[in-house]
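A.B. asks: The lines below spell out each chain.
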Amino acid sequence: MTDTVAPPSAVADSKAAPDTMAWDSGLRRLMMIYLPLGCFVLILLFPFYWMAITSFKPNAELMNYKEHNPFWITSPTLAHIKHLLFDTAYPRWLWTTMLVAVGATTLSLVASTLAAYAIERLRFRGSPYVGLGIYLAYLVPPSILFIPLATVVVQFGLFDSPLALILVYPTFLVPFCTWLLIGYFKSIPYELEECALVDGATRLQILRRITLPLAVPGLISAGIFSFTLSWNEFIYALAFIQSGANKTVPVAILTELVTGDVYQWGALMAGSLLGSLPVALFYSLFVDYYVSSLTGAVKE
Amino acid sequence: MSVTTLSSPALAQRQPNWLVRLFDYKPFLVVMCLAPAIGLLAVFLTYPLGLGIWLAFTDTTIGRKGEFIGLENFQYLLTDSLWWNAVFYSVVYTGIATFGKFALGFWLALLLNNHFPFKSLLRAIILLPWIVPTVLSALAFWWIYDPQFSIISYLLVDVLHWRTSNVDFLGSPWPARFSLIAANIWRGIPFVAISLLAGLQTISPSLYEAAMLDGASAWQRFRYITFPMMMPILAIVMTFSIIFTFTDFQLVYAITRGGPGNSTHLLATLAFQRGIAGGELGEGAAIAVSMIPFLVFATLFSYFGLARRKWQQGEAND
Numbered sequence: 020m021t022d023t024v025a026p027p028s029a030v031a032d033s034k035a036a037p038d039t040m041a042w043d044s045g046l047r048r049l050m051m052i053y054l055p056l057g058c059f060v061l062i063l064l065f066p067f068y069w070m071a072i073t074s075f076k077p078n079a080e081l082m083n084y085k086e087h088n089p090f091w092i093t094s095p096t097l098a099h100i101k102h103l104l105f106d107t108a109y110p111r112w113l114w115t116t117m118l119v120a121v122g123a124t125t126l127s128l129v130a131s132t133l134a135a136y137a138i139e140r141l142r143f144r145g146s147p148y149v150g151l152g153i154y155l156a157y158l159v160p161p162s163i164l165f166i167p168l169a170t171v172v173v174q175f176g177l178f179d180s181p182l183a184l185i186l187v188y189p190t191f192l193v194p195f196c197t198w199l200l201i202g203y204f205k206s207i208p209y210e211l212e213e214c215a216l217v218d219g220a221t222r223l224q225i226l227r228r229i230t231l232p233l234a235v236p237g238l239i240s241a242g243i244f245s246f247t248l249s250w251n252e253f254i255y256a257l258a259f260i261q262s263g264a265n266k267t268v269p270v271a272i273l274t275e276l277v278t279g280d281v282y283q284w285g286a287l288m289a290g291s292l293l294g295s296l297p298v299a300l301f302y303s304l305f306v307d308y309y310v311s312s313l314t315g316a317v318k319e
Numbered sequence: 053m054s055v056t057t058l059s060s061p062a063l064a065q066r067q068p069n070w071l072v073r074l075f076d077y078k079p080f081l082v083v084m085c086l087a088p089a090i091g092l093l094a095v096f097l098t099y100p101l102g103l104g105i106w107l108a109f110t111d112t113t114i115g116r117k118g119e120f121i122g123l124e125n126f127q128y129l130l131t132d133s134l135w136w137n138a139v140f141y142s143v144v145y146t147g148i149a150t151f152g153k154f155a156l157g158f159w160l161a162l163l164l165n166n167h168f169p170f171k172s173l174l175r176a177i178i179l180l181p182w183i184v185p186t187v188l189s190a191l192a193f194w195w196i197y198d199p200q201f202s203i204i205s206y207l208l209v210d211v212l213h214w215r216t217s218n219v220d221f222l223g224s225p226w227p228a229r230f231s232l233i234a235a236n237i238w239r240g241i242p243f244v245a246i247s248l249l250a251g252l253q254t255i256s257p258s259l260y261e262a263a264m265l266d267g268a269s270a271w272q273r274f275r276y277i278t279f280p281m282m283m284p285i286l287a288i289v290m291t292f293s294i295i296f297t298f299t300d301f302q303l304v305y306a307i308t309r310g311g312p313g314n315s316t317h318l319l320a321t322l323a324f325q326r327g328i329a330g331g332e333l334g335e336g337a338a339i340a341v342s343m344i345p346f347l348v349f350a351t352l353f354s355y356f357g358l359a360r361r362k363w364q365q366g367e368a369n370d
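If you read the protein sequences in the order shown, they are chains A and B.
Throughout, our numbering is defined as the position within the first sequence, counted from one, plus 19.
Throughout, our numbering is defined as the position within the second sequence, counted from one, plus 52.
Read the hints as simulated data drawn from the structure, not as lab findings.
Remember, predicted model here, so these are calculated numbers, not experimental data.
Treat the hints with care, as some may be off.
Straight-line distance between alpha carbons at most 35 angstroms, and here's what the computed DSBU-like set of lysine-lysine pairs gives [claimed, not checked]:
#, chain 1, residue 1, chain 2, residue 2
1, A, Lys101, A, Lys85
2, A, Lys205, B, Lys171
3, A, Lys205, B, Lys78
Across the chosen pairs, the derived CB separations fall in these ranges [claimed, not checked]:
#, chain 1, residue 1, chain 2, residue 2, range
4, B, Gly311, A, Phe143, 47 to 57 angstroms
5, B, Ser256, A, Gly263, 18 to 28 angstroms
6, A, Gly263, B, Glu119, 31 to 41 angstroms
All C-beta atoms in this analysis are idealised placements derived from N, C-alpha and C, irrespective of residue type, glycine included.
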């Protein structure tokens with residue numbers, strides 16, 4: 020925690036940036052920018068700090084604020100994480116979540132790349148309307164769909180199977196990815212494709228050899244976004260999966276680990292921490308793509 | 053179009069494979085490319101949407117096919133105080149949370165728009181609440197709101213001595229409602245801030261220079277340049293935010309499950325409780341369908357109410 024507070028105070032007394040206005044004195048900058056910014060960062064990060072510190076605290080410290088400073092650990096322990104990994108089906112839940120997220124992401128990427136290519140590059144009559152239709156699909160929230168979808172999933176005999184989630188998640192991933200990729204395809208000069216057509220390449224060859232390699236940043240953005248969204252999905256996973264072994268991490272922690280009246284906060288927080296780490300790591304590797312896709316999709 | 057027709061005969065001579073020719077036939081290719089996306093969306097989105105509206109007019113339960121009963125479900129909901137409660141809280145939740153998210157998010161975006169070191173690192177850190185699975189951060193909030201070991205209570209009681217007793221965050225209706233709203237705002241700020249920051253960066257600095265030369269104050273520059281220029285992006289982000297806040301499910305389900313005494317049910321959690329947990333699919337679907345008018349209204353309001361300014365300014369600055 021101290022790390023995150025340190026940069027503002029450390030830079031506050033350094034020289035102001037050259038392009039700041041004359042009235043922008045150091046103190047004013049400190050009060051107007053660094054102080055509120057520090058508060059924002061503190062509040063936005065505190066729950067994660069709290070989550071992390073709770074998962075390494077022994078129960079004795081967890082329940083005794085009088086003798087132990089709650090903001091720090093005096094004797095860190097791995098007991099909660101050990102309990103999670105060896106006494107519960109946590110590894111299995113992680114594996115299921117990973118499988119579902121990777122499956123749904125792959126499926127959505129393939130479907131939306133083809134759709135975006137058709138809408139943006141093949142330019143048939145009515146392609147703007149297909150694009151608009153796909154965009155509108157993004158505005159349908161899962162909360163409206165989960166009850167009828169549950170009956171559809173049962174009809175298909177997919178109830179309680181991770182395959183149901185892999186097939187259902189594209190409903191909110193495909194609209195987003197398609198719009199993101201349409202934007203990327205737009206930025207690739209059409210002349211490149213024309214040249215290839217003149218040279219006798221087929222449409223599919225053009226897609227594979229020219230358009231896709233140039234759209235790799237867009238594909239990465241769409242992939243990361245899809246992966247985090249499927250990892251985080253909750254309501255469908257809660258409604259369609261019943262057996263403990265097939266649950267995804269968010270659902271399993273809430274339904275399998277929360278037992279009885281005395282909550283095992285250490286284990287719960289350790290579970291949350293471990294469940295957040297894969298997305299956080301994945302995200303930190305591709306931050307720039309993520310931010311560009313988030314803002315790009317909004318600007319479209 | 054003309055390019056294809058020109059090149060395909062030449063191609064056919066070199067590659068007599070009919071499959072290759074078929075894939076170069078544009079209508080076929082269009083259908084093939086759209087099939088996966090449209091197919092998935094039709095089967096798992098459009099069809100369930102229609103089915104949901106149909107279910108709302110039936111008395112289907114889990115394991116029993118229902119019959120058409122007309123508006124009975126909706127008539128029942130109108131007399132159901134729990135449904136009215138959920139409508140009330142959904143509106144309050146969406147209203148306050150959206151206001152909080154946008155006020156704080158806009159502020160954060162303005163702060164981030166300044167020049168300072170480690171800016172990209174900070175931007176990356178700030179998005180974390182948005183990246184991490186909502187349920188997992190909701191669990192952290194549940195623990196922060198714990199009646200006995202809440203860290204906020206500890207701060208207020210033992211460190212600052214502002215209160216003498218622990219805060220009962222989730223034990224009674226109004227504190228529980230506001231605790232959930234606070235968690236929702238916490239989660240929503242990053243998305244709003246980063247989206248609006250992208251909008252802020254597109255505003256040309258020359259506008260501010262011109263205004264400064266004319267002697268505009270900081271507030272005037274914000275009010276007459278930043279705010280109007282941000283309207284289009286604000287409208288879109290707000291539309292999304294309202295839709296997904298109104299239909300929120302995870303936070304409430306994870307922290308209170310609608311309690312205490314059903315006071316924090318949103319329409320989505322009530323629909324889940326009745327439809328999936330209670331097995332009354334028809335009634336659950338009716339509750340879910342009853343969200344649609346609110347969503348349409350909120351979307352039209354936020355989109356046209358805010359985007360109107362855009363065409364008043366003319367087309368040029370799109």
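A.B. asks: Run every hint past the structure and note whether it holds.
C.D. replies: Against the structure, the hints:
Distance hint between A:Lys101 and A:Lys85 is fulfilled; the C-alpha atoms sit about 27 angstroms from each other, no more than 35 angstroms. A distance of roughly 30 angstroms separates the Cα atoms of A:Lys205 and B:Lys171; the hinted pair therefore holds under the 35 angstroms criterion. A C-alpha spacing of about 19 angstroms is found between A:Lys205 and B:Lys78, which places the hinted pair at or below 35 angstroms, so the restraint holds. Against the hinted window of 47 to 57 angstroms, the Cβ-Cβ separation of B:Gly311 and A:Phe143 comes to about 53 angstroms, which satisfies the hint.
Between B:Ser256 and A:Gly263, the C-beta spacing of about 57 angstroms breaks the proposed range 18 to 28 angstroms. For the pair A:Gly263 and B:Glu119, the beta carbons lie near 35 angstroms from each other, so the given range of 31 to 41 angstroms is met.
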